[in-house]
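Two independent chains are provided; combine them into the complex using the hints.
Listed here are the chains, written in short residue letters.
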Amino acid sequence: MKTFALKTFVCAFIVLVWGGAPLRAEINIQEITTPGGISAWLVEEPSIPIVALELRFKGGGSLDAPGKRGATNLMTGLLEEGTGDMDARAFARATETLAASFDYDTYDDTIAVSAKFLTDTQQEAMALFRSSIIEPAFTQVALDRVRAQVMSGLASDETDPNKIAGRTFDGMAFGDHPYATSIDGTRESVAALTRADIVAAHKAAFARDRVYVSAVGDISAEELATLLDTLLGDLPATGAPLVGKAEFLMQGGLTVVPFDTPQSVVLFGHAGLDRHDDDFLAAYVLNEIFGGSGLTSRLMDEVREKRGLAYGVYSYLVPKDNAAMMLGQVASANNRVADTIEVVRAEWAKMAAEGVTAEELEAAKTYLTGAYPLRFDGNGPIANILVGMQLDDLGTDYIVTRNEEIEALTLEEVNRVARKLLQPDALHFVVVGQPEGLETALTTDPKADAAH
Amino acid sequence: MEDQVTIDKLDNGMEVVVIEDHRAPVVVHMVWYRAGSADEKPGVSGVAHFLEHLLFQGTKNMAPGELSRVVAENGGTDNAFTSYDQTAYFQRVAADRLGLMMQMEADRMVNLQLGDEEIRTEREVIIEERNMRTENDPGALMREQARAAQYLNHRYGVPIIGWRHEMVGLDLEAALDFYQTYYAPNNAVLIVAGDVTPEGVMELAREHYGALPPNPDLEPRARPQEPPQTAPRRMVFEDPRVSQPYVVRSYLAPERDPGAQEKAAALMLLSDVLGGGQTSVLNEILQFEQKKVVYAGASYGGVSLDDTTFSLVVVPAEGVSLQEAEDAMDAAVARFMQDGVDPEQLIRIKRQIKASRIYARDNVERLANSYGRALTSGLTIEDIFAWPDVVEAVTEEDILAAAREVFDDKTSVTSWLTRPKEVTQ
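Residue numbers (my numbering), protein chains in the order written: chain A, 1 to 452; chain B, 1001 to 1425.
Bear in mind the hints are in silico, worked out from the structure with no lab data behind them.
For clarity, every value in this text was computed on a predicted model and none was experimentally measured.
Each residue gets a CB set at the ideal place from its N, CA and C atoms; glycine is no exception.
Treat the hints with care, as some may be off.
Stated by the list, open to error - For each label pair, taking beta carbons as the anchor points, the in silico distance ranges come out as:
#1 A:L249 with B:T1197: 55 to 61 angstroms
#2 A:G437 with B:K1421: 33 to 39 angstroms
#3 B:D1171 with A:E407: 42 to 48 angstroms
Bound conformation, chain B alone (with noise of 0.2 angstroms):
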C-alpha cells in the first residue's frame, strides 16, 4: 500500500497526502482540519459543525451556494462532514478539474464572508439536523446520555451536533472565532487519491494553497482529560417509541498513540474475537449456545485523539429481560477471560484484515478518509504504515491482557433503553 501513498509538506505548514489510483480519470480532493467538536470552547457546543455548513454560505469571492453549483457544473459532487476530533472538506469530480477544486477550497480557508441571513437560516438547518438524527430516534438519545455519563471533563460528552440549548443561540461571532482559531493550513492536511501523481498535485497545491498565511498563535491540541473514573455508571433510558429494547455497555480505552499501537491493535483484535459476526465469542454463546439474544456486538474506535471506548451491545431475545440479557454478557465475557482466546479464529480474523487491504485498493475514496482521520487524530504517516504490521505482530496473550485492563467495571457506563413500563405494547 506504501507504494501507492506519497507524503509531502508545504512551506506554509500544510500537509499533503497523494493517493495513486490510476484506473479510472476520477480524483477526491479533501481538507481535512485538525479541529472538531472536541476542540470547542465550553458554551458553543455544535460550532465546529455549525461553521463546517457556514463554509458553503460564501466568501469574499464566492455567492452562498457558489461552490457546490461550480462543482455541480464540473460534474463532481462535494459534501463536508465534523467529527470530535476533526473537520473535512471534499470534492468527488474528474482528475482535470482539480486546480478548480483547490482554487475554491482555499478560498474558503481564509475568505469566509457570511450575512445575518445565512446565520440565521442555517442554524435552523442544524437544528432540523439534530431532529432528524437524535430526537426523532431514541436509540440516538440513548448514546448521548451514554457519551455524556462517560466523558464528565473531556468534551467527547458532548455531542458533535451540540446541545439544543446551545444551539439556538451559535452567532456569527463563534463561528468566526472557531474559524480564525482553527482554519489555517499549518492545521490541515491535503489528500488527493485518483488520478494524479505527486508531483501534479505538489505543483497545484503550491499554487492555490502555498500561499496562504499559517496561523502562528495554533495551540498543541491539548484538551481537558478524564479524571479517573472510580465508580461504574448505570442508566435506563426510557422512551415510548423503543419497540426493541437493548443493553450497551461502554468502557473507557486507550487510543492507537503515535508510536505506541500495540495495545490499540489488541483491543481492535478483542472487539473482532467478541462480537465481529456470527463466529465470535458473544454471538457463539448469547446467540447460538444459549439464545438469549438475537445480536451481540463488540466495537472499538482506535482512531481518536484521547481516550476513546471499547463498547459491548447485546439485543434481547423475546422474553428475555434485559436484566438476563446483560447477566448473560458479562458471563460470556468472563467465561471468555477464563478459556482464552481460540487460536484458530485469531488466524481467520489476520487472514481477514489481511485481504481487506487488498479489497482496500478497490476503494481509493474510503482509503483516503482512513489517512485523513488518523492524521487529524494525532498519527503520523509512520503510524498508518506500521499498523498492519503491529496488529500481525498480536498473540492471543496480548488480546487478554487487554481484555484484563479495559473491563474494569469501574470505568464502564451501563445502559439500558426501554421502553417506560406504564406504556403496553
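The following block holds chain A by itself, in its conformation from the complex (with noise of 0.2 angstroms):
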C-alpha cells in the first residue's frame, strides 16, 4: 500500500448565519487523509466522552446480483451476527460490555454503517467493529436464523397497505431496474440465498474506493487516522461496479390495489430532479411550500386545515443516484379519498400553472434558513450530516454557502422549476384499500375547484 503523510486541514471553520446576526455555532470541519488514503471529515467535540462514527458504502441493495435479490441486505443483517471464534451472542455481549453500539443498514444506494462508544473504551470497541465489518463468519446457522427474520418481514410486508403501496409504485416505474423491487428481496430470492451468496455480496458492497467517513466527538485527527487505517485498511481497494441509471417509466394515471382496509393509502408522484441538478435547491425550496414537513404547506393547508380530509400529507424529493423522482402521501377512509385525490391533482395543477407567490417564498426562505443551523445540535446528527453532503460531493462550505444561495432565489427562479418540474399529466396515484367513487372524482376537470 502507498503511504501518505497525515494531511490534515481546515477546510471550514464555520459561523452559521442567520436573520443577519451571526450565531454562536462554530461547526469546525477537519477534512483528513489517513496514511493509508483514506478521506473522512471530522469535528472534534471534546465535551462528552464520546464519539459517533458514520461510514457510507456506495451501492448497497442495487448490487444485489441477478436473481439475488435481497442478498445484500441479509449480508449487513449477518455483520453482527458473529466474527472469527465469537458467535452472535458472544459479539452481543463484548458489545454490551463495551457499551458501544453498532447500526448496519442497507438503502438502495448505500451501505451506511455508524458506530457510537466512549473514548475510553475505544482501542476495544473499534477491533470489534472491526471483525464485524471485515472477518464476519456469515456462518450457516446465523444465516437461517436471520433469513427467517427477514421473511417474518417480508409476510407483514404483504399486509402493509403502504409497503404494498411503495412496491406497486415502483415495480410500474422502474421496469428492469434493482429500483423496481425492494432491497429486502421477496419470500422466493430470500429462501434460496446461500452462504456463497451472502459472502460474494460482502465482497461486492465492502471496498475502499467507496467508502465515505464522517466522525465527530472526542477524539483527534490523528487519533482518527489511526483508527480508520486499523479500520478499513484490509478491505479490498474495489468492489462491485455500480449499476446504471434507471429509466423513469411510469405514465400519468390511478392504480388502485384493492385491499380491505377502512382507510385507504394514496402514493403518488412523477419524475424528479437529480441532486446535482442546478435547479435542485430551487426544487427543494418550491417543495418545501408546496408539500413540506410543517403544517403551513399548501398540501397541507388545503387537505387538513380546510377539508379535514387526512391526518397528514406530504410530498418530498427523492433523488435517488440512478433516478429522481417527486413523490407524496396520504391516507383518507375509503369514502373520502376520492376527493382528496382531487385535491392533490387541483393542487399539482395550480402550483404547474401559477407557481408560488412572493409571500410563500419569502417565509420558506425564512423558516429553512433559520432552521438549518437548529440541525446541527449534537455529535451523532452532525456527523450524519458530514457523510451525507460528502456522498452528495458538496464541500464543506456547503454549510456556509447552502443559505447563502436559498436566500438568493428568485421568485422567477423558483416559478419556472415549479413549471419544469411539477408535471399534472404526468402525476400518477396508487390507491391502496377500498376507495369509492374514484373514477367520477377523476373526470371531474381537475382545476375546476379545490382550490380556493
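Here is the structure:
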C-alpha cells in the first residue's frame, strides 16, 4: 500500500449565519486523509467523552446480483451475528460490555454503518467493530436465523398497505432496474440465498473505493487517522461496479390495489430532479412550500386544515443516485379518498401553472435558513449531515453557502422550476384500499375546484 | 447530570426545569400539563387529544394556524402530543427566540377561542388519525382490546385517541370543559433545554407565564383504580390483514412511586434481563436454543401515574403454533425463575445503563422529554436524581423477587394476534 503522511487541513471554520446575525455555532470541520489513503471529515467535540462514527459504502442493495435480490440486505443483517470464534451472542455480549452500539443498514444506493462508543473503550470497541465489517463469520446457523427474521418481515409487508403502495409504485416506475423491487428481496429470492451468495455480496459491497467517513466527538485527527487505517485498511481496493441509470417508466394515471382496510393509502408522484441539477435547491424550496414537513404547506392547508380529509399529507423530493422522483403520500377513509385525490391533483396543477407567491417564498426562505443551524445539535446528527454531504459531492463550505444560495433564489427562478418539475399529466396515484367513487372524481376537470 | 439541571417555581405554581447545553445556539421549549387521556370524564374519550389539536386553532390573539406559522417564520419547528398521564406542547428554535415562544404558549394556555368550523374540521382530522394509527393496523386494534381487557376500571383501558363512537360526538363544550379544568400554570411544567441559563429562563418565564392566574379548584389526581384482578384474561384477535401472528402477555405491575422506586427499578432490570436484545434470557432460550421464535421481547413502562403493565411478546418461527410459542415462553420464564439472574449479564446491563447517561447528554431534547414525562407522572425531581442510585443498588435477588410478584397468572392478559382460520394464504 502506498503511504501518505496524515494530511489534515481545517477546511471550514464555520459561523452559521441566520437572520443577519451570526450565531455562535461553530462547526469546525477538519478534512483528513489518512496515511492509508482514506478520506474523512472530522469535528472534534471534546465536551462529552463519546464519538459518533459514520461510514457509507456506495452501491447498497442495488448491487444485488441477478436472481439474488435481498442478498446485500441479508448480508448486512449478518454482520453483527458473529466473527472469528465469536458467535452472535458472544459478539452481542462484547458490545454490551463496552457499552458501544453498532448499526448496519442497507438502502437502495448505500450501506450505512454507524458506531457510537465511549472514548475510554475506543480501542476495544473499534477492534470489535472492525471484525464485524472485515471478518464476519456468516455461519449457516446465523444465516438461517436472520433469514427467518427477514422472511417474517416480508410476510408482514404483504398485508401492510403502505408497503403495498410503495412496491406497486416502484414496480411500475422502474421496469428491470433494481429500484423496481424491494432491497429486502422476495420470499422466494431470500429463501434461495446461500452462504456463497452472502460472501459474494460482502465482497461486492465493502471496498475502499466507495467508502465515505465522518466522525464527531472526543477524538483527535491523529487518533481518527490511526483508527480508520486499522478499521478499513484491510478492505479490498475495489468492489463491484455500480449499477447504471434507471429510466422512469410510469405514465400519468391511477392504479387501485384492492385491499380490505378502512383507510385508503395513497402514494403519488412522477419523475423528479437529480441532486446535481442546478435547479435542485429551487425545487427543494418549492417542495417545502408545496408539501413540506410543517403544518403550513399548501397541501396540508388544503387537505387537512381546510377540509379535514387526512391527518397528514406530504410531498418530497427523492433524488436517488440513478433516478429522481417527486413523491407524495396521504391516507383518507375509503369514502373520502376520492375527494383527497381531487384536491391533490388540483393543487399540483395550480402550482405548475401559477407557481408560488412572493410571500410564500419569503416565508419558506426564512424557515429553511433559520431551521438549518438547528440541525447541528449533537454528535450523531452532525456526523450524519457530514457524511451525507460527502455522498452528495458537496464541499465543507456548503454549510456556509447553502443558506446564501437559498436567499439568492428569485421568484422567477422558483416558478420556472415549478413549471419544469410539476407535470400534472404525468402524476400517477397508487391507491391501496377500497376507495369509493374514484372514477367520478377522475373525470372531473382537475382545475374546476378544490383550490379556493 | 444534576449539574446540568435546575428546578424552580413561579409564584402561580408553574414549575420550571432548565437543562443546560451550550454546544449549539438552540433551545427546546416545552409546556407539559398534568392532564392526559386518563383524566377524561366518561363518555368523551379522546377529548384530551382533540383539545391538543384545537390548541393550534386560534386564540383571542392568534388566528388558526398562526402559532405554527410564526414558529416556522422564526426557523423553528413545533408539535405536541397527548398520552395517558400528560399532554405536552413543544417548539425547537434558535435560543434568542425563546421569549416569543413563551408569549405564544402562555397565550394559548388561557385564551383559546374556537369557531364551529375549526371544531368540525379538526374532528375529521382526528378520526383520520385514528384510521391511520389504529383502524388500518390489526396489531394496534389488538393492543387496544388487550388494554381494555387489562384495565376494567381505570381509564388506562380507554385508548388515548378515543373510541370511535365517542370521537364523532366530541364538541366544543367537551373540549372547553377539559381545557378549563386542567390548563392552568399550577398544573403545568415548563421545560427549557439548550443554550440558556436558569436566570435567563426564569426572567422570561416570570414575564410571560408569571401573570397567568392559577386554577384554585384544581383537584388532586385521584382516578378510579383497578379492583384486584382475580382471574387470567385471554383473547384471540383475528384479522385477515395479519401475516405474522404473535402472542403478547401483559401483567398488571407497580409503577415508579415518589420515594419508592426500588420495585420499579427491579422490574426495569427484569425486562432487560428477559427481553433486552440478543443476549436476553428469552432470546437465548427461544431464539437460539430452541429456535421456536423469530423474536422475543419484554417491556415495562415504569413511568406512569397509576398501575402499569409488564409485557412479554413472542413471534413464533414458521411452523410453530401460537400455543406452542406461548407454552415455550412460559417454560422459559419458569426456567429463569429456577436458575436466577446471571450476575455477569446484570453487570453488563448496569454498565450500559450508566453509559446511556453519558450518551444522553448528546441529545438534550430526549433528556427534556424524560424529565417532562416523569414530572407529570407523579414523580419529583428528587426521584429523577435518585433513580440511577436506586437502579445501581438492585440485586439479582431483588429482580427475582419482583419477577415472582409480577408474574401472577391471575393478573395477566394473554392476547393472540392471528389470521382467521378460513382465510388461507
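These are the hints, each one checked on the structure:
1. A:L249 with B:T1197: 55 to 61 angstroms: Given range 55 to 61 angstroms: holds, Cβ gap about 58 angstroms.
2. A:G437 with B:K1421: 33 to 39 angstroms: holds (34 angstroms)
3. B:D1171 with A:E407: 42 to 48 angstroms: Between D1171 (chain B) and E407 (chain A), where Cβ atoms are some 46 angstroms apart, the hint holds.
Consistency note: the structure conflicts with none of the earlier hints.
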